[in-house]
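2 protein chains.
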Amino acid sequence: MKHTAMLFLCSVLIAGTASAQDDAAREALVRTDQAWSAAAAEGKDIEKVVAFWTDDAKVVPAGAPVVSGKAAIREFVSRSFATPGFHISWKTLDAEVSADGTMGYTTAESTITMPGPDGSLVTETGRGITVWRRQSDGSWKCVYDTWNHGPEPAAETH
Amino acid sequence: MKHTAMLFLCSVLIAGTASAQDDAAREALVRTDQAWSAAAAEGKDIEKVVAFWTDDAKVVPAGAPVVSGKAAIREFVSRSFATPGFHISWKTLDAEVSADGTMGYTTAESTITMPGPDGSLVTETGRGITVWRRQSDGSWKCVYDTWNHGPEPAAETH
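Going line by line, the protein sequences match chains L and V. If you count by this note's numbering, then the first sequence holds residues 284 to 441, one letter each, in order. If you count by this note's numbering, then the second sequence holds residues 284 to 441, one letter each, in order.
It is worth saying that the hints were derived from the structure and are not from the lab.
Pairs involving identical chains hold if they fit within one copy or between any two copies, as the list cannot separate such chains.
Quick list of in silico lysine-lysine cross-link-like pairs, BS3-like style, CA-CA up to 30 Å:
1) LYS353 - LYS331
2) LYS424 - LYS327
3) LYS327 - LYS374
4) LYS374 - LYS331
5) LYS374 - LYS424
6) LYS327 - LYS353
7) LYS424 - LYS331
8) LYS353 - LYS374
Whenever a hint applies, use it, and build me the whole structure from the sequences.
Encoded structure:
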């Protein structure tokens with residue numbers, strides 16, 4: 284009986300520790316994603332923004348070709364920041380991690396403003412997902428991110 | 284010296300085992316994703332297709348509202364299968380798993396045929412990502428899947 288009670292207590296403690304670790308990993312992921320959005324929203328420091336991706340990351344933007352690897356991503360970010368009126372930010376909706384905290388994903392509602400076909404600025408709301416890999420230094424980096432748009436009209440001209 | 288050699292051998296063995304486990308988990312994920320595509324391409328057995336999602340999964344289709352939870356997903360699949368001319372299939376491009384094999388993701392090129400606004404069938408190519416959670420029975424189930432389209436024209440009318 285004593286043995287059973289001890290085993291039960293151990294399993295509760297282990298489950299509690301695992302759950303606390305999950306929560307901590309999830310919170311770290313949300314903080315990282317929000318720091319990334321803040322850096323991107325500033326629209327100035329290309330290297331600061333690019334540092335959130337791994338070297339072999341892929342970006343799959345709605346309506347545009349896949350962007351593969353750090354050099355292409357740097358070019359993509361640089362071109363976006365140089366576009367007059369460009370602005371991006373996102374709100375993290377959910378964060379989940381693997382049991383060992385080596386992989387995770389976040390979902391987000393993104394807002395992107397860009398010049399439309401006629402040159403006037405268009406703001407579009409997107410639904411994004413980012414897949415993250417925990418690095419050996421403990422930081423989370425994005426390996427894959429993509430977004431799409433809901434039913435029309437998703438765009439607002441202004 | 285003997286001790287160092289033994290430690291080195293152990294680390295090689297552990298790394299080899301981990302790598303073999305990763306490969307096995309990745310292969311299981313690709314097989315699951317392809318079995319799912321085959322069941323979806325048949326377009327008949329709703330329950331067989333729906334069984335690949337967890338109860339709390341989310342589908343975020345390009346151009347349509349988010350579909351949350353098994354009941355809404357069943358309705359979504361059922362409506363798609365009932366649409367005259369509807370067809371879907373996808374080719375798995377890449378599969379990655381967390382170190383402990385509890386979470387993974389696959390990317391895919393999808394092909395969806397549906398009636399367009401004027402009723403004629405339109406085939407669109409999409410870029411998809413699926414996030415998976417390993418279940419207690421060892422199977423992989425989808426917790427989140429989404430796709431978008433590349434630059435226009437992505438659609439082919441026929």
